[in-house]
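Novice: One letter stands for each residue in the lines below.
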Amino acid sequence: MTSAKARSPVFVTTHWSVVLAAAANSDTDKAQEALEKLCRNYWYPLYAYVRRRGQPAQDAQDLTQAFFARLLERHWLETANRERGRFRTFLLTAMQRFLCDEWDRMRAQKRGGGAAHVPVQLDDAESRYGCDPADDCTPEQIYERQWAMTLLDTVLQRLRAEYESQGDGKLFAELHACLVGNKESLPYAELAARLETTEGAIKVAVHRLRKRYRKLLRTEIAQTLAANENVDEELHHLFAVLSGK
Amino acid sequence: MDTQRNCPSCGKPLPKGAPMGLCPECLVKGGFASGVESETNSEPRPLFVPPAVEDMARLFPQLDILEFIGKGGMGAIYKARQKQLNRVVALKILPPGIGHEPAFAERFTREARALAQLNHPSIVTLYEFGQSDGQFYFLMEFVDGMNLGQLLLKGRVSAREALAIVPQICDALQFAHDQGIVHRDIKPENILLDRRGRVKVADFGLAKLAGATEPASEGANIGLPALTESGKILGTLNYMAPEQKEHPGEADHRADIYALGVVLYQMMTGELPGKPIERPSKKVQMDVRLDEVILRALENEPARRFQNVSEIGTVLGTIAQSSAAPTVTQSNKESIDTPDESVRQFTIHDIKFNCPHCGQSLAVDAAAAGTTLACPQCRQTVGVPKPEWPADEPSSGETPAQSRRRWPAVLAVVLILLIAAGAFLWRRHGRSGTAASATSPSARLPFAPSAANPVTVSTRGLVLYFNFDSPPVNGKIPDLSGNGNDGEAVNVQWVADAQRGGALVLAPSDSHIRVPNNESLNPPKFTLYAWIKTSHTDHHWIRIFDKGLFHNSFSLSIAGDWTHWKPPTKYRGYLAFETLKTREAISHHSLADGQWHQIAASYDGQDKRLFVDGELQETTHNRPETLGNDLDLVIGGFTDPDPQHDDPHASFDGSLDDVMMFNRVLSPEEVLALYNSQKTASDTGNEP
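Line by line, the protein sequences give chains A and B. Sequential numbering from 140 applies to the first sequence in the working numbering. Sequential numbering from 527 applies to the second sequence in the working numbering.
One chain only, chain A, in its complex shape (with noise of 0.2 Å):
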């Protein structure tokens, strides 16, 4: 466990670097690209949240949009900055607030009225919410669910990229797979024999692949985190919750 402090302030580009170079100068463009990007990536667990908090459909886009616009305010984020904490927890909470805060002004005034627009697309975001398992599951649950899901889809998306930009599609669409499970128990014949190689080059591939994406996947966890938080402890977090506990 180190502390915040002893720490040296190496300045990292995590998401919340994002949040407080657009707090600190929130007409420069270039912080407030990175923060909408980052409202993109994660806006369908906070959707979830809403619905799952029983919103209507139109409601939820209408508050989870306004929440963005709201979001890109500067005194919010500067907020955000007095409550460091994790990225998953803070977006939460602050939505949570803004509910709790913006909710009957909301009703009363046009919603999002005269706000920034945030380009998040929710078109498809009731079609989405509509495969998910409707279990009982509460929206506290729903949103940390699907931000894990989130999580792991942006980091895939990121491999699959990184290999694909090597002419490597094919190989990620042969080896993904391999990702999950046991490292002794995976089909390297069969993957050879597909893919006419070795086992020996298939074994070295699927353990370059699985490396490779733990870094990622660590990554980018960590730039959820602040400075003094443990990425294996939001890694310990995110099983618990994907399995329900």
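Source of the hints: derived by calculation from the structure; they are not laboratory data. Keep in mind that the hints are not guaranteed to be accurate.
Only pairs whose alpha carbons sit at most 30 Å apart, straight line, appear in this in silico BS3-like list of lysine-lysine [stated by the list, open to error]: (1) A/309 - B/538; (2) A/350 - B/542; (3) A/354 - A/342; (4) B/801 - A/350; (5) A/354 - B/542; (6) B/809 - A/354; (7) A/176 - B/542; (8) B/542 - A/309; (9) B/538 - A/322; (10) A/322 - B/542; (11) A/342 - B/538.
If you want the footprint, here are the derived chain A segments under chain B, 3+ residues with CB under 8 Å [stated by the list, open to error]: (12) 199-209; (13) 330-342; (14) 369-382.
Listed next, with one range per pair, are the computed distances between beta-carbon atoms [stated by the list, open to error]: (15) A/354 - B/590: 34 to 40 Å; (16) B/1193 - A/198: 33 to 39 Å; (17) A/313 - B/1142: 19 to 25 Å.
Note that beta-carbon positions come from the ideal geometry of N, C-alpha and C, so glycine has one too.
We have chain A; now place chain B onto it with these hints.
Specialist: Then chain B, alone, in the frame of chain A:
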């Protein structure tokens, strides 16, 4: 849409939207540092040497490590102080050899979360858990006193002492068993006694955490190394039930009952039970009824033991009642003082009757009315009769109109917050030390049974009760916490009310009273209850919250629409009783300004229920939440200290009466019964 598929690795169904069709759980596993590449590693564990205090200080910079307390099979324990809170805590670390595997950490988290739910006055509270530099640790309540093992080193304890101590253990165990948590290592060393003689059971579930086999669903490839690998047997053999020795995976809560039987045997005789077990009364002079309790707890066959640990508490309570009052005597005064207030008698013997088979006199909680139990004497099944309510007895000084039927004396035992002689506050015995009289028989409860309205509400679990019937000292409500929410004066008024006796009037904006530091206020299950008369329907909150440092707090709001809101500064999150009905729906159809209404909110660890005037408004499902340890009860509202979020809704504007809190969930029937028993007075009490 796809048909449901299962993960080829872990076998669990793949959720819809699984990233690239892969199992998200397994994907997360792939991110662990030791990760998928080291699944098969299983290093032998070195002998555990507890780290020195200086090493611990480096590992836990947020703590002052004060001293090393001891080492056991489950790790080492240190006395420490949380620097920020200036709170003395016990820091327990697990042996470093366990927990290298991702599965262990996940299970550790799961177990610790379950343990964190165990908020009970007789269970050592878990404050925090985690991992520091690979070292799994727990931060727990520090109990200043001694353990039962140390007490037993001085020889046996008297029956009176045993009868004071063991029912508290039973309470604690029953509470845990109700939540599916088995201790698995009950022994005198795990039973702590503080300086007031209060029992605190320690190390819940640690035996399981450290040693039991993992359910097969976790996947066979991620084995959990148990302490047993080093040849150490978990749980202490002398106290271990036969089935726990033979099939550890199959032992259930009845293993704890066996272990408690051994502890009780040892307390009474000073020795462990031999083979065959000799009746304790043959060894020492003692109440033979205790023989029966001990021998039944020690049955080899779990099915022949008591089936619930609360039964032991009940029988011991009977024995204690029929002999003298169980107090710790002066003989072992070194660390144990006589409990000056026996506040925590959660088992209240409401119904007394005789066994129809053998004539044994029995006493059980009123909540058991209409159920059956096994007679501890003849073991026949006995039906528990419905209680016969005593005649109404207005206390002296009460006008008939003010009179609320009194609970029978045996019921009005202890847990009642009594507003006596103008004191508005009764503090649980202990830290603050200024206890008002707590056990007065004149404690008037609003539970008014009658033939027409058979109230079946028990006082069980009632930890706070403000009836506001008496005027406060000097006509002013004392600022109970020393200062208001933000240090400002508290703005509340007491008014006499011919029908209700008295009520509390709160002006909007930060008017409240506060009951500080009440240890009772950290239940995993509770019911918050009050009668309210609003001046502005929007403004009506009653909340229980902690000091705003780390934990959640609970709030009862009937405003609707409110939900998990996390205030920005001091008030770090609370769990509101939200309602999906709109505020208008409740306000217009159920609640009216200027009228007394009953509101109640219960939380059972998952579901929140909101009642208005005896009627269940709705049930909301929530994830488990835990209250903090240092809780204040705040009655009233406060202004959000952040001017950007100032909101008049977060305050209470109106009158309050009969504020109660139960450490249990009242059934809808009980809430309705309470409503019926109180509504006559309140209806006539409505002012224009």
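Novice: Hint by hint, say whether it matches the structure.
Specialist: Tested hints:
1. Only pairs whose Cα atoms come within 30 Å are accepted, and residue 309 of chain A paired with residue 538 of chain B is accepted, the gap being roughly 27 Å.
2. Our distance criterion of 30 Å between C-alpha atoms is met by residue 350 of chain A and residue 542 of chain B, whose separation comes to about 26 Å.
3. Between residue 354 of chain A and residue 342 of chain A the alpha-carbon distance is near 18 Å, which keeps this suggested pair within the 30 Å criterion.
4. A distance of roughly 59 Å separates the Cα atoms of residue 801 of chain B and residue 350 of chain A; the hinted pair therefore is violated under the 30 Å criterion.
5. The suggested pairing of residue 354 of chain A with residue 542 of chain B holds, with an alpha-carbon distance near 26 Å, which does not exceed 30 Å.
6. Taking the CA atoms of residue 809 of chain B and residue 354 of chain A, the gap is about 67 Å. The hint is violated against a cut of 30 Å.
7. A hinted pair counts as satisfied when its Cα atoms are at most 30 Å apart, and residue 176 of chain A with residue 542 of chain B qualifies at roughly 25 Å.
8. Distance hint between residue 542 of chain B and residue 309 of chain A is fulfilled; the C-alpha atoms sit about 24 Å from each other, no more than 30 Å.
9. With a C-alpha separation of about 18 Å, the suggested pairing of residue 538 of chain B with residue 322 of chain A holds against the 30 Å cut-off.
10. Distance restraint check for residue 322 of chain A and residue 542 of chain B: the Cα-Cα separation of roughly 25 Å lies within the 30 Å cut-off, and the hinted pair is therefore satisfied.
11. At roughly 25 Å between alpha-carbon atoms, residue 342 of chain A and residue 538 of chain B fall within 30 Å of each other, so this suggested pair holds.
12. Only when three residues or more bring their CB closer than 8 Å to a CB of chain B does the claim for the segment 199-209 of chain A stand; here the count is 0, and the claim is violated.
13. For the segment 330-342 of chain A, the stated coverage by chain B is violated: 0 residues have a C-beta nearer than 8 Å to a C-beta of that chain, whereas at least 3 were required.
14. As drawn, the segment 369-382 of chain A meets chain B at 12 residues by the rule of a beta-carbon pair under 8 Å; at three or more, the given contact holds.
15. Taking 34 to 40 Å as the suggested C-beta distance range, the pair residue 354 of chain A and residue 590 of chain B conforms, at roughly 38 Å.
16. Remark: the range hint 33 to 39 Å for residue 1193 of chain B to residue 198 of chain A is upheld by a beta-carbon distance near 35 Å.
17. Separated by about 57 Å at the C-beta atoms, residue 313 of chain A and residue 1142 of chain B break the suggested range of 19 to 25 Å.
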